[in-house]
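Sequences and hints are given; from them, build the entire structure.
4 protein chains.
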Amino acid sequence: MESQSAMKIKEACGVYGIFHPNGEDAASSIYYGLCSLQHRGQESCGIAVCDTKGPKGNMNAYKGMGLVGEVFKAEILEGLHGNLGIGHVRYSTTGATTLSNAQPLVLNYIKGTLALAHNGNLVNTQDLRCELEQTGAIFHTTTDSEVIAYCIARERVNTHNVEEAILHTAKKIRGAYGLVIASPRKLIGVRDPLGLKPLCLGKRGSSYIIASESCALSATGAEFIRDIRPGEIITITADGITSNCQLCHKTHAHCIFEYIYFARLDSTLDGVNIYDARIRAGAALAASYPADADLVTGVPDSGIPAAKGYSEASGIPFALAFYKNSYVGRTFIKPTQKERESSVRLKLNVLESVVRGKRIILVDDSIVRGTTMANLIRMLKNAGAKSVHVRVSSPPFLYPCYFGTDIPSNKQLIASSHTADEICAMIGADSLGYMRLEDLPSMADHLPLCKACFDSQYPMDLTGCTEDNKQ
Amino acid sequence: MESQSAMKIKEACGVYGIFHPNGEDAASSIYYGLCSLQHRGQESCGIAVCDTKGPKGNMNAYKGMGLVGEVFKAEILEGLHGNLGIGHVRYSTTGATTLSNAQPLVLNYIKGTLALAHNGNLVNTQDLRCELEQTGAIFHTTTDSEVIAYCIARERVNTHNVEEAILHTAKKIRGAYGLVIASPRKLIGVRDPLGLKPLCLGKRGSSYIIASESCALSATGAEFIRDIRPGEIITITADGITSNCQLCHKTHAHCIFEYIYFARLDSTLDGVNIYDARIRAGAALAASYPADADLVTGVPDSGIPAAKGYSEASGIPFALAFYKNSYVGRTFIKPTQKERESSVRLKLNVLESVVRGKRIILVDDSIVRGTTMANLIRMLKNAGAKSVHVRVSSPPFLYPCYFGTDIPSNKQLIASSHTADEICAMIGADSLGYMRLEDLPSMADHLPLCKACFDSQYPMDLTGCTEDNKQ
Amino acid sequence: MESQSAMKIKEACGVYGIFHPNGEDAASSIYYGLCSLQHRGQESCGIAVCDTKGPKGNMNAYKGMGLVGEVFKAEILEGLHGNLGIGHVRYSTTGATTLSNAQPLVLNYIKGTLALAHNGNLVNTQDLRCELEQTGAIFHTTTDSEVIAYCIARERVNTHNVEEAILHTAKKIRGAYGLVIASPRKLIGVRDPLGLKPLCLGKRGSSYIIASESCALSATGAEFIRDIRPGEIITITADGITSNCQLCHKTHAHCIFEYIYFARLDSTLDGVNIYDARIRAGAALAASYPADADLVTGVPDSGIPAAKGYSEASGIPFALAFYKNSYVGRTFIKPTQKERESSVRLKLNVLESVVRGKRIILVDDSIVRGTTMANLIRMLKNAGAKSVHVRVSSPPFLYPCYFGTDIPSNKQLIASSHTADEICAMIGADSLGYMRLEDLPSMADHLPLCKACFDSQYPMDLTGCTEDNKQ
Amino acid sequence: MESQSAMKIKEACGVYGIFHPNGEDAASSIYYGLCSLQHRGQESCGIAVCDTKGPKGNMNAYKGMGLVGEVFKAEILEGLHGNLGIGHVRYSTTGATTLSNAQPLVLNYIKGTLALAHNGNLVNTQDLRCELEQTGAIFHTTTDSEVIAYCIARERVNTHNVEEAILHTAKKIRGAYGLVIASPRKLIGVRDPLGLKPLCLGKRGSSYIIASESCALSATGAEFIRDIRPGEIITITADGITSNCQLCHKTHAHCIFEYIYFARLDSTLDGVNIYDARIRAGAALAASYPADADLVTGVPDSGIPAAKGYSEASGIPFALAFYKNSYVGRTFIKPTQKERESSVRLKLNVLESVVRGKRIILVDDSIVRGTTMANLIRMLKNAGAKSVHVRVSSPPFLYPCYFGTDIPSNKQLIASSHTADEICAMIGADSLGYMRLEDLPSMADHLPLCKACFDSQYPMDLTGCTEDNKQ
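Chains as they are written, first to last, in the numbering used here: chain A, 1 to 471; chain B, 472 to 942; chain C, 943 to 1413; chain D, 1414 to 1884.
Misleading hints may appear alongside valid ones.
Claimed, not checked - Listed below are the simulated BS3-like cross-link pairs for lysine-lysine, each with C-alpha atoms no more than 30 Å apart in a straight line:
1) A:172 - A:186
2) C:1276 - D:1599
3) B:882 - B:852
4) B:805 - C:1015
5) D:1663 - C:1276
It should be emphasised that the hints constitute simulated quantities derived from the structure, not laboratory data.
Listed below in structure tokens is the structure:
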């Protein structure tokens, strides 16, 4: 059951910040914003708020393990007073899932108080951490995010304001980051110079919002203004917005996986609409791996849009072939080994009348271990499908990601030790086609991409980057 | 948020029973079975089990408010020993949602112990209850189900076995019922003579299963054997299956709403596949209410299959126009009045790139108050839809249901006081078409139907049936 | 740890009822009242209330497993509207501790609604239950209390009012009972004709209260009016109090164990103050079993008052020899076998400076298995006590109780198979003295007593009383 | 209700550390140890453990709000592997009660990992914090303890081992502290040079224990070895114990309040038995403030021992005058203003038969606001007491404590604005006597004491100590 979600590639985090100049409490807006980013992280979440008109340095925060709707009850939200704040949803990408690693981080240092929420991963963490430790730093967590916060605090001592300290910090840190930072009077957003991680700006009435994805704007009634530029530091205060683009360069490398799987269907990142991208992915598959079939279907929910794209491009009818039981959730009791066989259709059941006697094209966004796909194919064939042609809307994973995407280790990745033909046989498919590398650019509308997990062309120097940095 | 689910027509219950002759514990099977029936009731659930080889009369039960996955934790399931058992999921169709009304009912009476789970509603409850009270009956709950159990206990005194008592009871009670009953050595299923409520028989290995829907069989690896016949009493013991069809008549009246909305897509009830029925519903709408449009879409999740049927019949492409946030669930904090406007897209957000500039056909299974539909239309138009033609895969509700379907009162039903044209204007649609009464028979493959909520042709005498019987 | 409380004799229940003629909600008063009776039962509790000015038959109830303070949260209490109500705290005296056996019972029958809470045990339950089942009764619980409620409902059919039905019922049931009953307009208290179980009447402002013990009155600011007479049925309505004494006889038999252990120190039952009775018990022990010692101490908390009495009568100074850790409670993790030895002093630790070099008299109210006492003696001696003389403020248990006191089975009772001398040796005491049977009357100020657990002189015919009736 | 405990002087913390050289898990021992120190802090607790034979730097920790028995469930304890560990119980002495301030602190720094638990308060926190912040320190909490940990981490860079870093830190910090520190291979205990806070060493089998009080040893089956010397740093490794006494001076100042109220009755701190000290306190009161009375009683539980001492010295009999309801606990629903009057006797009820017609001496350890004492006197007089003479086993609080004792602000302290005569009248006592300053030395057996809260003779320079340092 759980193995299906366990077997998906994981994104590390989502961030959200809001400033209500009219003094309205921010916690409730952050709650709904985080809810719209919940797909980016389900293991812990947190909110930190402060009152821009109150005494400086009072930051109220609450964090917990679980979904936003589980962690934040009405009485907790009501206790979080303050009109400026940030929030975070998180996957634990390291082994230990602990509350102490939950974000936002709230820190007290010589110049006051700071809250920080981070999406992404640095590649020079070890160096920075060592350097900081050499001069006496102590860490409460094992996160990159604490290293960033620590750098800011150190830099702040000799700078005029927190933005300047952030700029100095941004010059030191290398890697992927979308940051929202709350200092007592300012909401600040920072995006890494390559734009590996997404971050955008929105507005609702007089309030400004910074969020990982545009869906967090549209779902909460806010207007999308623009993406934060790669390398940009954007500062929102009672006086309005200022931007610092000293670190903005021409070379960008947006993470391809946002377009393949992470981002929500209804988001638009760096000008590319996610739904459209996935439609194009399906179309590309249809062109490169056509099949003689009666219908195209997708693995719910991640394979549906690319299946739709395949259908549109090929003219083969799109069909819903599975019922997904949305009540089988995170806290479900896992079947015992003995019960496994009888419960394989508990989460997804096949619609027999749809598939009986049919030649089927089955689309998903990726194959990790292959076991889930093998089960689905067996289910389809048991229900009478004549053939099942698998199409995958991403190339095979072959290389580690150092920027915050949690790709299972080589041993678990079926593609790292088997050819497509071998995999096709192993999962019991009649044919198997992976998205071709050369089709990725057009899928993402020719945005500059990081697709190192497929082709090992890392967009930055990884010297000093240990295996520990690998997510 | 919640208003969307609050505004759906509600089914009362789902039931599941299993007998493991090999002595295996039944609780875990019931857990997964109830999970597959969760769509039939989400407010409370319960399991009662007994050991057919242990001392008679030991019935272990556990009930709670909430979803199956919330109520039953591993340690509770492990404590429920016994190889024969039944389970129940429930909507409270009366005002008070109390644990004491949760099922299964477990009773001790002169002849031993009995557990009973009931889907449906009687129309002569008041008479029976009065009659029983006259001779001293006391009731712990306000449910019909206790009245049925009580009748059985009374009849049992002068009969040879529990099946005979059930038969006598079935002759007295009038209404809709799918019952599973556990007596210490027997699993018994009973279906009302009109077949208003569904009930079917399955098998996994040596174990027999009785369940409200076939999806509870296929989802848990069991084989569908046949539907329980309307009026049939089926008894499963260590010696096998026996059937009593003394009350089986030729006149049947299957609830149309199972085909329109209640039953799961992957179930087949009385020979009619639910998915196929909804595809036919869409096709009928396409025939009776065609529209000049660029795409057909459905309200997730209930309107999707009929939209697919409309698309197939009309040749207008099927599209996914909404993203549904599955993390916005039952326990979510409802937005305040002030936040309402900014949160209308929290649960469902429109895929702008799909709908922009398009003429859209939007299909759902019903319109209750009209507010949800009005919101969706506004969202589509704000996202650039040129026109929105609404098609509803059921006729307008006009009459109360006395058999266990929870149709809101007239005041809340927009169709009870407005014409289709008025409703079309109120919700801001460009055209509105309801499923025609005359298309219902072919939708359900010419099964004999109860469609009294649409045409007031009640399939039985309702004398003595008070408003209290109306769900 | 838990073994100490596990090894105490258990009372079955406490009951509390209140009627606020001014319309004030009763739930909060019942909450505090039950809290004052918590010592009488800690496994489940419940409250049922109704509005005497509202429609008849609306009884709101809530029950749960655990302490009053755990089960009833503010939002639950606030939801329990009604100015008349009853409450119950319960030990499960049968093996199964289940929520379905929790009280008050709330019943619907021909004449309306009834809530009932019961302290005690009947001896003719089986006969009554059989008789009721013969005429078709079905039971939801395995409690005596449901049998009583059922009798009342049956009798109510042919009587003029509920008091009359209760009177007829009281004529049929034999055993021990303190009952509080809420019918929609009346609060009724009933006490068994022998007065085995206590019940008293109090008043606060215009409100009347019926409770198991007077401490529930004084602790909540109410005035004690009088004990309910054995056999009396007392009815409180908006029109005042009426009493029916048709079943009041001269022969009484108050349970001796209320005076020895069950009742709270600050209660006065049937004119005898509990604290004074225990002081007298200690004095009697001092007279019958003197000892040459330096100090007298009691096992906290149950042995303290008798120790005080022994000290006063003997002139030997009273001392506190133990520290009791009140944080080691019900939910504490029990030490493993391996840790047992190092944790024996976790709940009670000896005050070494008090006992070093001293000859000690150690008083407790009873010895059940002897293991706790043996541990305490060892602790005292390890701390330097020169000798430990054990005095027990009750005679040895030798016979079962059929009236609701949960005395462990013979096998667990050390006194049932060993002489006092043997026990003295087994627990490592230097001498051992049990309260003498002949001293019990003066202890309870010559009230007529049931002391059958010590002398087998049962105060009523036990014909038809099976072992199942034994608590 | 709660006002009684709310009105007690609060201790900040208790600490406990253990090292099992045999590899046994430490968490369970720490659990029981913390339980024995629960009286020192009830708002949060935590445990951190590591495996001395595993890889360095793996520290497993769990913290939560509430009592030890509430926070630590069996499955959590079982997950805390490691044979060396420390634990902490805490009162929040600052306004905000937050989980992030709970201890032990677990830190990662250049030289590895460190866990630290702290009882006490520093007076030069602000200076140290500023100094650290100047060089870039960032803080996650507002506790002194983080400042100490930070100093250690900084010092560690230029020292050979953690003990040396601790020594350097101890030279810098001024104030009160009992520390237990777990470094991956070492358990370290540190006590402030004045010995303001207690700390002692114990042994069970081959395992060493460091704890705030000796009761945590005896209650868990360990043997008391000795108190940690003021200024001593004691290090326990697999090789045994080493001690560093470089900071041990001749001038000591033990906190008088440990003897008056904080420490458990069964502890012995710096050679003085707590129970004996309180007996002597009562005796001193009897000598300085005799009264013509029939009995002496104490306010449960804190006033009982001194009442016993008064009784012994005066020859006036000791009595128990109150029943304390131990079920009225932390989570109890507080009575509304309206219910207040009727619930004043809910937690403590008077034993009328004891006090009626008597002249009573009522002893408690302190008077804070006076409201609780006024209530008790009223209760005694309502129950028929002829007179109530109050004796307090400490002098009046007049000055703030800077070392970790939470004395309410002047405005709440009745003694800061009223004479004893005025207080006597305000609480309705017949006479009032406070412990005399000159009797304190003999009470604590002539140990050198800090009694600055009574006489303002602070044992160290408070320059730079702001009001924020005042607890």
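Structure-based check of each hint:
1. A:172 - A:186: holds (22 Å)
2. C:1276 - D:1599: holds (29 Å)
3. B:882 - B:852: holds (28 Å)
4. B:805 - C:1015: OK: residue 805 of chain B and residue 1015 of chain C at ~22 Å, within 30 Å.
5. D:1663 - C:1276: Roughly 44 Å separates the two Cα atoms, so the pair is violated.
The structure does not agree with numbered hint 5 stated previously, though it agrees with all others.
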